[in-house]
Amino acid sequence: MAHQWGMAIDLDRCNGCEACVVACHAENNISTVGEEQAALSRAKHWIRVERYYEGEFPDVRVKFTPVLCQQCDAAPCEPVCPTFASYHTSEGLNGQVYNRCIGTRYCANACPYVVRYFNFYNPIWEKPLQLQLNPDVSVREEGVMEKCTFCVQRIKAREIQAAAEKRELRDGEIQPACVQSCPTRAMVFGDLGDPESEVSRLARSSRATKLLGELGTRPKVNYLPRDSWHDSENA
Amino acid sequence: MERRDFLKISAVAGATAALEGCGNPDHQLIRFVPEEDLIPGIATWKPSICTLCPAGCGLLVRVMAGEAEVVRNGQLGLLKMGLAKKLEGNPAHPINQGKLCPRGQAGLQVTYHPDRIKGPLVRTGRRGSGQFREVGWDEATKQLVQKLSELKASKQEGGLAFVTAPLRGQRKTIIDTFVASFKGLTSIEFAFFDDSVIRAANAASFGHALPPTVDIGTSNYVISFGADFLGTWNSPVAQSLGFGHMRKGRPGQRGKFVQFEQRISQTGASADEWIPVEPGAEGMLALSLAHVIIAENKQLATAAGHAGSLIEGWSLGLPDYAPEKVAAQVGVKPETIARIAREAAAQDPAVALIGDAAVAHTNGLFNALAVNALSALLGSVGKPGGILFASGSSAKPPAASLQSWASEVSSGATAVDVLLLYNANPVFAAPAEWGVQRALEKVPFIASFGSFIDETSALADLILPDHSPLESWLEDTPVSGSAKTVVSVAPPAMNPLHNTRAMADVLLDAAHQLGGDFAKTLPWKTYEEAIQASFAALYKEKGSKTAKDADEFWKKAQEQGGWWSTEPSQVAAVISAGTAVKNSAPQFSGDSSQYPYHFLPFASQLLYDGSLAHLPWMQEVPDPLSTAMWGTWVEINPRTAEKLMIQQGDLVEVVSPNGKLRAPALVSPGIAPDVIAMPVGQGHQNFTRYATGRGANPISILAPANVEGTGSLAWAATRVKLSRVGRGKLILFGGSLSESSPELKHR
Amino acid sequence: MTAKTPEQITNDLLRPLSGISARYVFWAALLAGIAVAALCAFLYQVYSGLGVSGLRSPVFWGFYITNFVFWIGLSHAGTLISAILRLANATWRRPVTRCAEVITVFALSIGATFPIIHLGRPWLAFFLFPYPSERGLWPNIRSPLLWDFFAINTYLISSVTFLLLPMVPDFALVRDRAAGWKKKIYSALALGWTGTPKQWHRLETAMHIMAIAVIPVAVSVHSIVSWDFAMAPVPMWHSTIFAPYFVAGAIFSGIAALILAMALLRKLLHLEEYLLPIHFENLGKLLLVMSLLWFYFVFAERLTTWYGNEPSEMAVFWVTQHGSYAPLFWAMVSCNFLIPFPLLAIKKLRTITGTAIASFTVVIGMWLERFLIIVPSLSHKYLPYRWGTYRPTWVEITITAGTFCTMVLLYMIFSKIVPVISVWELKAGRHEEPHALRLARQPDQVEAD
Amino acid sequence: MPAQETAGSLEGHNSDIFTPAHPTISDAIREFFDLRTKPVQPIAYTHKVHLANGMQCTDCHVGVDQGPDARIPSVNFCMTCHQVIATDKPEIKKLAAYRARGEDVPWQRVYGFQPSAHVRFNHAPHIRNGVDCSVCHGDMRQQTVAQRKVDHTMGFCVSCHQQKNASIDCVTCHF
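Chains as they are written, first to last, in my numbering: chain W, -4 to 230; chain D, 557 to 1303; chain F, 3 to 451; chain Z, 38 to 212.
Read the hints as simulated data drawn from the structure, not as lab findings. All of these numbers come straight from a predicted model, not from anything done at the bench. Think of the CB as a built atom: it goes at the ideal place given N, C-alpha and C, for glycine as much as any other residue. Don't take every hint at face value.
Listed below are the simulated EDC-like cross-link pairs for lysine to aspartate or glutamate, each with C-alpha atoms no more than 20 Å apart in a straight line [claimed, not checked]:
| id | chain 1 | residue 1 | chain 2 | residue 2 |
| --- | --- | --- | --- | --- |
| 1 | W | Lys58 | D | Glu1084 |
| 2 | D | Lys728 | D | Glu1295 |
| 3 | D | Lys889 | W | Glu73 |
Sample of chain Z residues facing chain W (criterion: CB under 10 Å; computed from the structure) [what the hints assert, rightly or not]:
| id | residue |
| --- | --- |
| 4 | Thr56 |
| 5 | Pro57 |
| 6 | Thr61 |
| 7 | Asp64 |
| 8 | Ile109 |
| 9 | Ala137 |
| 10 | Gln151 |
| 11 | Ala154 |
| 12 | His155 |
| 13 | Asn202 |
| 14 | Cys207 |
| 15 | Phe212 |
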């Protein structure tokens, strides 16, 4: 069967360092919008680390949750797009076809995770910063919606390579930029269609939960919540 | 039917005027003959080294063909060349094992920064006016050599000063040799967040003048006193890898992590238990924990060995540190202290570490020694899951302190004719009280090797821009992060974009032009040669299983990004008998009645010490806790804010005995009511288009207090008062602070 | 009030068509000016990007979609009302119908432009149009936006026909009196109408069919508009009540707009003898009913949400109830209920002025309602970390103002081209109408003219 | 060549910023209607002659069978042969002149997708699956200076993908 790409994020490992965010910027040609636009809440971070405080001093706790496109199986963003710019790919990704996007921003409204980012202006790189741009990824223009693609360019490259070498893809062979960079190895990427894969194993684990799972969007990102320490555990 | 046919039908006629030059060579830049033979669209991965912080992580650079606008012999044109496209961790490297922190990944933007200095500059306007003239390397080097030879002729003591960031390896050797030949002091190493207190403490306690390599991964109980070890402290990537392993790397076994500090750091945010402690009381707290462990016979006092013997009253079981006795001063409940002590004692291995603000109080050294003693008592020193020491090269702590040098020069006690600057920005990163700027103004000739105009290099008379790290030969000998001996090396990942030269090459060139005994002391023609020589020596010393001779050893090292031992290195501790120290209470400048709040600067997860404030990525990526972008903030406890009638985003004025600054307020539950925290990094007066004039610099208002027994700055020893002065500009990426919306509270 | 002969009626009603006063020119110029400014604002937005609007994450829809819903809602004035009144054979409707139907056509055409104005790349709007291409790509029929596309077009076509049909005899009337180039134009418009019984019969039948056909279309249009929201899992959007809620609101605002228009026409075109207090009285009653109905819907929606106590919905609930959007919310309630209710319920107050004032507040209130449906929900979605806010910029405000001016301008121009009151219908029904009854003694005239 | 670099060259070197925005409105309109100016090659290179002399496409367009893009040879590469071959021909003299000036030959793009098409085309898999160069580039043996013989519309790609039942999922090419 076709691959079903998915991810597992262990929040007990995540320390909110933002490495994934920068990795994503570097890999996916995400432009910086600058102070003025950032103040208008137009900054684009395909992956963001949500931070929530709980309790009051001195009994304060902080919770980090990296939130990226959940690549839902029942994605609210897909049916609402009038031009099929947002659609379900054969490998279960929520595709975003930039050239087909006319900028209704309906998908962004429908997305409960608010992980879709809109190009309110044409992006700008002050030369020679543009030399860093990744030639494997489009540079999106004004009026186009964009979002996490699970680094589809890396997926495609590996698939093409595997085909050339006449072999199957190995589990863990494909690593989106965020997964690759994560200093605590909190993120795991793989094929949910393959029950043997690491990501499937984690998705099956008793700890696995989905973000806003109650909405029935059937996300393909599994979160393993922060554990607590029990003396007994190691005694 | 074709899309554009459809359009032509509905098209406005005649709207398509011909565009000049499209598809016609006459209207385009000339193209230079490529120097490299590249296949477009195919990436190659080259090893490199991250130089943005002292951790020294190994990099893999993704290089692809691209077209760059370059100037070659005075003409602008396009050149097809290999361009770095992405930085990732080098999986083979023992320190970061393929992983990389956000700062490291932004290194790309250093190379491609629009405001990089594109060639040698000579000052034309008055000093600091920022008016420079571009010159060729020959002229620039000539000027440098001339100044130096004049100095040599004058035979005057210490006429040459060289201020650098902490360096390691051959660059340090070259600089020190160079400076020494001028009968000067050794180079002056300066960084705001330096590790000299910890080095001093470790030298005393364990006989290793090195920062610790904390093996968190296999530890079962980690107590951190103020160290932001998952964010910026010591070797964050290595420590993060360990943290992940401790938490979930060992099925059925999950270590506990306790953090003591005044403000929830990014590290504290990940702790199983976060416990606020009074500023500067960390040492006392550590000893109180030790007291419980000894008193309850979980461990014998003698188990702490030499490290314990350095603490007064240790052998007696630290009678003065009973939890109930110190609780008030420490600000932690006695029962909590006792519980943590019992938990830690019950876990093996358990480790305690200290860093950042905890050692930046006047009693920082005592705090460090106390925590070292606790680690020793927990029996985790030199064992897996505990504190290890890598065989760092530069074990000797830096000789001269910038502070004393600056005061001598500005007072005229020392006359300096030539000052060389490399990777250090003391005008920004040292307290105004040190008078670095005044000192620099007294120096007749300043040359900077920096790649950017910053507050310090703006004062230079001559600028000899270094390559960016990716364009340059690199070597490093990390002193922490791996128990193995690590010697990293990397050839340039790409050709230089601009007319730049490696600092070491320029220095060697100058040395040869100066002649004299340099021929002997600095025998190498280039930096590359120097590194190769060091590897030849390394091969002689260590040998190799895989390489048959020094050349192959050298080649292999370049391919994999360095050489590292297969086994943890065993370095003999050099223990020197020390006298027992007694608890010393932290001193704070500014009396508590007039300045009611402790001022706590902290390293920014993204801007580090401000040296990365010029990278747009680092400016726009939200800070992990505040989610602030493109600016700075003053962190205030809600109760304090209420008392002072300060609202989120209000502009507040922070006043210390040594100065004042203004920044927007961020009301956060994660900070003690009597503490005001502020990230270091913003507030540059002159540091590229992205950082200049943005926010305020907390360093500027710090008191020049020192950590007792060391030369380094006690940057957490300042008190402040604050007041609301108006509306500020606070740009946050995050909306609500908490998951349960404030609106819901109405119910 | 003196009795009117059919001749006088014709004269009175055709008077506005001849001659343009200086005051008229002044106002027309002013309105046109603002409309042009709005057009420039839009071109500026196309040129520099949607960033010039106040839209941002997570509030991706703001003023533009508010206006879209508002105008489509307003368009329910005419067609629906006049259709219902026709079918119900409410004879007092005769002077009212045309003013109403005109509102429909204009409001609809204005509303329909907003989905294009709000696009990130308006020049690609043709992607919505199902045309065969070598790429074999079609629009997504699952998207409510596409339903809009078709529904609105259907509604527009049908209401234009519905408006034009009964105009034919009046065009003939004007044709017969006009001369020169005017005569040419009007004879073209009159489609060779001579007023033979056959033609009369055809017209009546056609009108009847259209009246029946247009009602379901109108209802479907605003239901679909409501589904633009209800189909998305956004707190307070994803609700079954939305379709009827929107339709009711649409008719509500429609009637208000109609009363307002009539009040103005009455004054400006001196139609005091034709648009009588009785008309405002009756429409006022209708408005009262709708106001109550609207309040009922809002109450039902709020109450169920509050009892449901679903956290994400409660966030939106509270932010509108007494959060940052509370002032707007309570302004809306006053405009749509607290103010109009007494004005319309108390007989003494249900005067022309009274109903006009009530209508005015309702128009404002209904605009606010659309805004409060869209923005608070978007700014408070499920993840509090991404909660945000929204402030419109001058671009959005200018374009909004521009469309209101365009509406009035179009109406003014229309009143100069076609009699705003259907002459033949009025005559046809004159013997049923109070002032016409008094003419009954005179010999009956055949509509020869 | 990757889309954004095409966009960059559209933006032109006179600007110190890089953006996918079009420098002029007319550029925008031209791209919208996919109107291309016929490229003017600096040297009248003839594919016909080279191929007739038994050379293969991949001799010069190295890497086309390994990755996304085909290399356009540099002046040095040409001169490896033309040091000695046909040195008297005027066009070869031009070539030598470029080399002498230390310049590369500014060959102009003939094919290539509009940046706004967001197509990530990769040569290698097509060649591996036995798609002959001529399918998309016409018979170069008949061409002197390269001409845009085949119009690379989406219909052209899709129809071929359908015949060879290769994936026609949008994300196969657009990302």
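Consistency of the hints with the structure:
no., hint, verdict
1, W:Lys58 with D:Glu1084, "47 Å, violated"
2, D:Lys728 with D:Glu1295, "50 Å, violated"
3, D:Lys889 with W:Glu73, "55 Å, violated"
4, Thr56, "5 Å, holds"
5, Pro57, "4 Å, holds"
6, Thr61, "14 Å, violated"
7, Asp64, "13 Å, violated"
8, Ile109, "15 Å, violated"
9, Ala137, "29 Å, violated"
10, Gln151, "9 Å, holds"
11, Ala154, "5 Å, holds"
12, His155, "4 Å, holds"
13, Asn202, "13 Å, violated"
14, Cys207, "5 Å, holds"
15, Phe212, "5 Å, holds"
Taken one by one, the earlier hints fail for this structure at numbers 1, 2, 3, 6, 7, 8, 9 and 13, listed in ascending order.
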